[in-house]
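Based on the provided sequences and hints, a complete structural model is requested.
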Amino acid sequence: MPAIPANYRRWLYAVGIAAVPVLVAFGWLEDSMAPAIVGLLYAVLMGGMAVANVTPDATQPEPEDAAE
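FYI, in this note's numbering the residues of the sequence shown are 18 to 85.
The reader is advised that the hints may include incorrect statements.
Pairwise CB distance ranges, derived in the manner of DEER restraints [said to hold, decoys possible]:
1) Ala23 x Trp45: 26 to 34 Å
2) Met50 x Thr72: 31 to 39 Å
3) Val55 x Ile21: 17 to 25 Å
4) Ala69 x Ala36: 20 to 28 Å
5) Tyr30 x Ala53: 14 to 22 Å
Hints in this document: simulated from the structure, not taken from any laboratory.
For each residue, glycine too, the CB sits at the ideal point set by N, CA and C.
Structure, rendered in structure tokens:
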């Protein structure tokens, strides 16, 4: 996954979570499914994008390849 600029990530976090209650209100998503969708959004947005956009720490040495 390519690095996503911080301003886009911030927008995705806000819109992704805010969209769930709107979808429920319009009847496009059942209220019983909303917690599962929010959990999925958090897993993808917060976990996936955070891992993909980690800034390398110059103070930590790179892990050595175990296969060598």
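Each hint, compared with the structure:
For Ala23 paired with Trp45, a C-beta distance near 30 Å keeps the hint of 26 to 34 Å intact. For Met50 and Thr72, the Cβ-Cβ distance of about 35 Å falls inside the hinted range of 31 to 39 Å, so the restraint holds. Restraint check, Val55 to Ile21: a C-beta distance of roughly 20 Å satisfies the suggested window 17 to 25 Å. Under the hint 20 to 28 Å, the C-beta atoms of Ala69 and Ala36, about 21 Å apart, fit the expected range.
As the Cβ distance of Tyr30 to Ala53 is approximately 18 Å, the hint placing it in 14 to 22 Å holds.
Checked against the numbered hints above, the structure violates none of them.
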